[in-house]
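A.B. asks: One line per chain: the protein sequences are P and G, in this order. Using full-length UniProt numbering, the first residue of the first sequence is number 1, and each one after it goes up by one. Using full-length UniProt numbering, the first residue of the second sequence is number 1, and each one after it goes up by one.
If you're looking for bench data, these hints aren't it; they were derived computationally from the structure. On a predicted model such as this, the values are computed, not experimentally measured, just so you know. Misleading hints may appear alongside valid ones.
To be verified - With a cut-off of at most 27 Å between alpha-carbon atoms, the simulated BS3-like pairs for lysine-lysine come out as follows: (1) 120(P) x 435(P); (2) 25(P) x 39(P); (3) 54(G) x 25(G); (4) 127(G) x 127(P); (5) 54(G) x 435(G); (6) 104(P) x 120(P); (7) 435(P) x 54(P); (8) 104(G) x 54(G); (9) 330(G) x 120(G); (10) 330(G) x 104(P); (11) 127(P) x 54(G); (12) 353(G) x 374(P).
Stated by the list, open to error - So these bits of chain G aren't anywhere near chain P, every CB distance computed over 10 Å: (13) 18; (14) 304; (15) 395.
Stated by the list, open to error - If you want the ones that stay clear, here's a sample from chain G, every Cβ over 10 Å from chain P, calculated: (16) 173; (17) 191; (18) 323.
Virtual Cβ for every residue (Gly too), placed ideally from N, Cα, C.
Each chain is listed here by its residues.
There are 2 protein chains.
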Amino acid sequence: MKDNVAAAKAALAHLEIDENAAAIKSKSRDFFWYSPVLKERLDHVVADFVVSPKSEAEVIEVLKVCYDHDVPVTTRGAGTGNYGQAMPLAGGCVMHLRYLNRVKSVMPGRVVVEPGCLLKDLDSECKAQSGQEIRMFSSTWATATIGGFIAGGSGGVGSVHWGSLRDLGNIIRLRVVTMEEQPRILEFTGEELARVSHAYGTNGIITELEMPLAPAYEWIDIFVASDDFMAATHFADELANEDGILLKLASVYEAPTAHAYFTRVKPHVDEGTHLIGLMVAPQSMDGFLTFLNRREDMRMIYRSDDHDWPRAPGPVFEYGWNHTTLRALKVEPSITYLQVRYAFPDHLELIAKMRDDFSPEVLQHLEAIRMNGKVGFAGLSMVKFTTEERLDEIVRLHEEAGALIFNPHRYTLEEGGRQTVDDTQLAFKREADPKGLLNPGKMIAWDDPDWDYARMYAWPGMKAAE
Amino acid sequence: MKDNVAAAKAALAHLEIDENAAAIKSKSRDFFWYSPVLKERLDHVVADFVVSPKSEAEVIEVLKVCYDHDVPVTTRGAGTGNYGQAMPLAGGCVMHLRYLNRVKSVMPGRVVVEPGCLLKDLDSECKAQSGQEIRMFSSTWATATIGGFIAGGSGGVGSVHWGSLRDLGNIIRLRVVTMEEQPRILEFTGEELARVSHAYGTNGIITELEMPLAPAYEWIDIFVASDDFMAATHFADELANEDGILLKLASVYEAPTAHAYFTRVKPHVDEGTHLIGLMVAPQSMDGFLTFLNRREDMRMIYRSDDHDWPRAPGPVFEYGWNHTTLRALKVEPSITYLQVRYAFPDHLELIAKMRDDFSPEVLQHLEAIRMNGKVGFAGLSMVKFTTEERLDEIVRLHEEAGALIFNPHRYTLEEGGRQTVDDTQLAFKREADPKGLLNPGKMIAWDDPDWDYARMYAWPGMKAAE
Ligand SMILES: Cc1cc2nc3c(=O)[nH]c(=O)nc-3n(C[C@H](O)[C@H](O)[C@H](O)COP(=O)(O)OP(=O)(O)OC[C@H]3O[C@@H](n4cnc5c(N)ncnc54)[C@H](O)[C@@H]3O)c2cc1C
Ligand SMILES: Cc1cc2nc3c(=O)[nH]c(=O)nc-3n(C[C@H](O)[C@H](O)[C@H](O)COP(=O)(O)OP(=O)(O)OC[C@H]3O[C@@H](n4cnc5c(N)ncnc54)[C@H](O)[C@@H]3O)c2cc1C
Numbered sequence: 001m002k003d004n005v006a007a008a009k010a011a012l013a014h015l016e017i018d019e020n021a022a023a024i025k026s027k028s029r030d031f032f033w034y035s036p037v038l039k040e041r042l043d044h045v046v047a048d049f050v051v052s053p054k055s056e057a058e059v060i061e062v063l064k065v066c067y068d069h070d071v072p073v074t075t076r077g078a079g080t081g082n083y084g085q086a087m088p089l090a091g092g093c094v095m096h097l098r099y100l101n102r103v104k105s106v107m108p109g110r111v112v113v114e115p116g117c118l119l120k121d122l123d124s125e126c127k128a129q130s131g132q133e134i135r136m137f138s139s140t141w142a143t144a145t146i147g148g149f150i151a152g153g154s155g156g157v158g159s160v161h162w163g164s165l166r167d168l169g170n171i172i173r174l175r176v177v178t179m180e181e182q183p184r185i186l187e188f189t190g191e192e193l194a195r196v197s198h199a200y201g202t203n204g205i206i207t208e209l210e211m212p213l214a215p216a217y218e219w220i221d222i223f224v225a226s227d228d229f230m231a232a233t234h235f236a237d238e239l240a241n242e243d244g245i246l247l248k249l250a251s252v253y254e255a256p257t258a259h260a261y262f263t264r265v266k267p268h269v270d271e272g273t274h275l276i277g278l279m280v281a282p283q284s285m286d287g288f289l290t291f292l293n294r295r296e297d298m299r300m301i302y303r304s305d306d307h308d309w310p311r312a313p314g315p316v317f318e319y320g321w322n323h324t325t326l327r328a329l330k331v332e333p334s335i336t337y338l339q340v341r342y343a344f345p346d347h348l349e350l351i352a353k354m355r356d357d358f359s360p361e362v363l364q365h366l367e368a369i370r371m372n373g374k375v376g377f378a379g380l381s382m383v384k385f386t387t388e389e390r391l392d393e394i395v396r397l398h399e400e401a402g403a404l405i406f407n408p409h410r411y412t413l414e415e416g417g418r419q420t421v422d423d424t425q426l427a428f429k430r431e432a433d434p435k436g437l438l439n440p441g442k443m444i445a446w447d448d449p450d451w452d453y454a455r456m457y458a459w460p461g462m463k464a465a466e
Numbered sequence: 001m002k003d004n005v006a007a008a009k010a011a012l013a014h015l016e017i018d019e020n021a022a023a024i025k026s027k028s029r030d031f032f033w034y035s036p037v038l039k040e041r042l043d044h045v046v047a048d049f050v051v052s053p054k055s056e057a058e059v060i061e062v063l064k065v066c067y068d069h070d071v072p073v074t075t076r077g078a079g080t081g082n083y084g085q086a087m088p089l090a091g092g093c094v095m096h097l098r099y100l101n102r103v104k105s106v107m108p109g110r111v112v113v114e115p116g117c118l119l120k121d122l123d124s125e126c127k128a129q130s131g132q133e134i135r136m137f138s139s140t141w142a143t144a145t146i147g148g149f150i151a152g153g154s155g156g157v158g159s160v161h162w163g164s165l166r167d168l169g170n171i172i173r174l175r176v177v178t179m180e181e182q183p184r185i186l187e188f189t190g191e192e193l194a195r196v197s198h199a200y201g202t203n204g205i206i207t208e209l210e211m212p213l214a215p216a217y218e219w220i221d222i223f224v225a226s227d228d229f230m231a232a233t234h235f236a237d238e239l240a241n242e243d244g245i246l247l248k249l250a251s252v253y254e255a256p257t258a259h260a261y262f263t264r265v266k267p268h269v270d271e272g273t274h275l276i277g278l279m280v281a282p283q284s285m286d287g288f289l290t291f292l293n294r295r296e297d298m299r300m301i302y303r304s305d306d307h308d309w310p311r312a313p314g315p316v317f318e319y320g321w322n323h324t325t326l327r328a329l330k331v332e333p334s335i336t337y338l339q340v341r342y343a344f345p346d347h348l349e350l351i352a353k354m355r356d357d358f359s360p361e362v363l364q365h366l367e368a369i370r371m372n373g374k375v376g377f378a379g380l381s382m383v384k385f386t387t388e389e390r391l392d393e394i395v396r397l398h399e400e401a402g403a404l405i406f407n408p409h410r411y412t413l414e415e416g417g418r419q420t421v422d423d424t425q426l427a428f429k430r431e432a433d434p435k436g437l438l439n440p441g442k443m444i445a446w447d448d449p450d451w452d453y454a455r456m457y458a459w460p461g462m463k464a465a466e
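So that you can see chain P by itself, here it is in the shape it has in the complex (with noise of 0.2 Å):
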């Protein structure tokens, strides 16, 4: 431990310090390792040592005595991230927000609350204190925080019906905190939103948010087979642009996903089956039923209110979102993943030539969601890794076609994003990072504005493997 770090950590000796080693390298990883690419980078990736404030006042704390000491400071949430996002590559100090994890308040259609919440347990609050619930959530709902959802998530289950947690009202305000040689608290509402949201913690540090809320509903989880991977995509489409009919979740899975992956689906389809996942609100599922019915392609095999299946499958969005590829990962370790964005009006179209081109070699995974009004996808298509090359080849080729990526193979937010400097974020970080020490190396544009993006940014300062 080099000493300016030592100095740091005995400054902070009287806070919660993990000193446990092997906790310590757990709190240093995120699910980076779904990438072969992020794998072999990051895998040597160590903090020096692990903070949990139990305050705002500790977590300023932290920032004032790291910003004198020059120890830079990652933030974690639960490190459910799968960019490296909460991986501390120049070492130094993870700062936990794990108990910073109170529900502040709950009103009618929001809630303010901590960031250490778990999205789960957020969700529970609002639901016993109101009959509400947060509009969309990570499909990690169980295990990541609220914090770590705005900071590195994109949406999730609920984006079907709300769109995506970058659009205007998705976030109401954010508290933020600067590492600067005088912290600052900043409440953040409107165009700021942008400064910190998705910004992996390279910028401030958010300690308290306030969340639009829907109501809780008990959702009915369904699946839907097809032997027709188009006529399921379709159905998806369509069911998601019938406005009376209330969706958090709308997955469409190629074959043989569901019988090759999903162990609990397994034995009610076959390798050809093409499987959809739904959670439909309980008073539209007459109107559901009414729209299933008129397609006699489609069987439903499953609803979680009325099913005979010896062993339930449990909560279908736990099959959606990235929870596709981890199962997946889980049976066959040579896969990886893509984030396919497939906007309407081409979207339907983009998806059959994708398919048709790269299938089995690439799987679509497909989550309906709204993108500025209209129902379209984002494919977290599954990919048999081979190589690196081939890997940055299948995503050209998308993106000739149309197909845009958002990299999941990259560490960086420009290379994660669209490989475009995001002038409010970088603005905010000479502002409030002036020393450049909030999680870094994952902002390109802070550390070398004239990259070019022609090959994978390979940050210099990340410490070396030990």
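Let chain P serve as the given structure and place chain G with the ligands on it in line with the hints.
C.D. replies: Just chain G with the ligands now, with coordinates in the frame of chain P:
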């Protein structure tokens, strides 16, 4: 009074029957007089008697007695329809459902209610019991019934989010009584709902409804002003496409509507001001203001939670939907209206064209609604009426340009719709009303299957002017 009618009336003497001629006259009318065409043709229409059953059993009794005596029965909710829907063309019995007004049970996401309940009372009961309200309501919320809305209406405030009543999921269940020798009680869900919803009570009487609910919020009423009509229309369109901003209403009024017809708005606008009326959920206000501030040309002139207008305008939805026409009519009696469908993706272009072609003879009034998952507009254009020929010509020119018209100057189901026979409704009428006594004269297909729609249908059975 004919003998058979007198006999039926006598047989129902133990029920509540209106004897007062003025009361009978007024309960035989609706808002048909919005249309100069209907005003001329229906002004004389009057029932022979009005009966107000107090229970489903009494409804059945009325239907059975009238069946036995061959007496027509026209059902009345509150008589706020615009096409003479609730007017007894052949005289006979008007059955007024005002006493069937109980809210039977409120559950998460749904309510069971009797048809005569006012929309306003339904909402306040749902709100009081559970913080919920109906997904959409006619702008006659304060006076109209839920049964009349389902049997005679189409959508309204809330349709910007939930689509129309006809969309799957926006009605859950209807309980219906038939007019046969032995009246039957039927429960309709799914595809069967289309039999009697928007059927003007021509083929069965709804005695109970199960409707989906949405959360009730303290909606913020807003007026935004603009000097450019198409900019205002784009604003409403784009706002309604913001998935994270929860709206209940987005109306656009071409100038000089606001200045000329909206008395309490007039001091705050001038003749050239185009107006936008909005209802925004409180938790969406921050997102809305962010959206608004991106457009320099738009001025928020009123928000209900923070304003300095000496005379508050009242609910903004009472400026929208068909209340716009009402306000215009009051100032300028020559005004009537048209109902136009401006569907995505051509809606904006078509609106611009219709305005170019017809303003100021026809002033644009638009309501953003979702149709098949896409935002479009329902036009309730205000027309300066000159002659029936010119009105028909305006209708024709709209249709030739691709703007579908639902003609509010016709009293039949077909002519007010798409000028095609609704086979579902007709087939059910054969079953449920074999003698053709329910609201006669409203379903052309029943009376004259070969009608070609070349001119306005005039029902031969209409009671001659007195
Ligand atoms: C199986 C699986 C499924 C997933 N499904 C989805 C999905 O549906 N949708 C989705 O968007 N993502 C998904 N993800 C990614 C990830 O789970 C989510 O983004 C999740 O919400 C992150 O929460 P976390 O608490 O684990 O955050 P972490 O991984 O701990 O942190 C995420 C990022 O946010 C930063 N951060 C955390 N807290 C703060 C704070 N208070 N202030 C500033 N920065 C902070 C961290 O430094 C890091 O950069 C999935 C991942 C897995 C493994
Ligand atoms: C100012 C104004 C604004 C309006 N705005 C809207 C709007 O936003 N959206 C909209 O859709 N309409 C609108 N309308 C039309 C009308 O108000 C609505 O359709 C309203 O909901 C009708 O309700 P009501 O109780 O007055 O029905 P009524 O006019 O009494 O009846 C309507 C029709 O339904 C039938 N009916 C009534 N009850 C039953 C029953 N229990 N079983 C079977 N048939 C029945 C009647 O016979 C009649 O044919 C408006 C009208 C006015 C005058």
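A.B. asks: Indicate, hint by hint, whether the structure satisfies it.
C.D. replies: Comparing the hints with the structure gives:
1. 120(P) x 435(P): 36 Å, violated
2. 25(P) x 39(P): Measuring from Cα to Cα gives roughly 15 Å; hence the hint holds.
3. 54(G) x 25(G): Given that 27 Å is the threshold and the Cα spacing comes to 21 Å, the pair holds.
4. 127(G) x 127(P): 17 Å, holds
5. 54(G) x 435(G): 25 Å, holds
6. 104(P) x 120(P): 15 Å, holds
7. 435(P) x 54(P): Cα-Cα ~25 Å, so holds.
8. 104(G) x 54(G): Judged against 27 Å, a Cα distance of about 15 Å means the pair holds.
9. 330(G) x 120(G): Status holds; Cα separation ~24 Å.
10. 330(G) x 104(P): Violated, because 51 Å separates the two Cα atoms, which is more than 27 Å.
11. 127(P) x 54(G): Violated - the C-alpha atoms of residue 54(G) and residue 127(P) are around 39 Å apart, more than 27 Å.
12. 353(G) x 374(P): With a Cα-Cα distance of about 24 Å, the restraint between residue 353(G) and residue 374(P) holds, given a limit of 27 Å.
13. 18: 38 Å, holds
14. 304: Given that every Cβ of chain P is farther than 10 Å from that of residue 304(G), nearest at about 16 Å, it holds.
15. 395: 27 Å, holds
16. 173: 7 Å, violated
17. 191: Label violated. Min Cβ-Cβ 6 Å, cutoff 10 Å.
18. 323: 23 Å, holds
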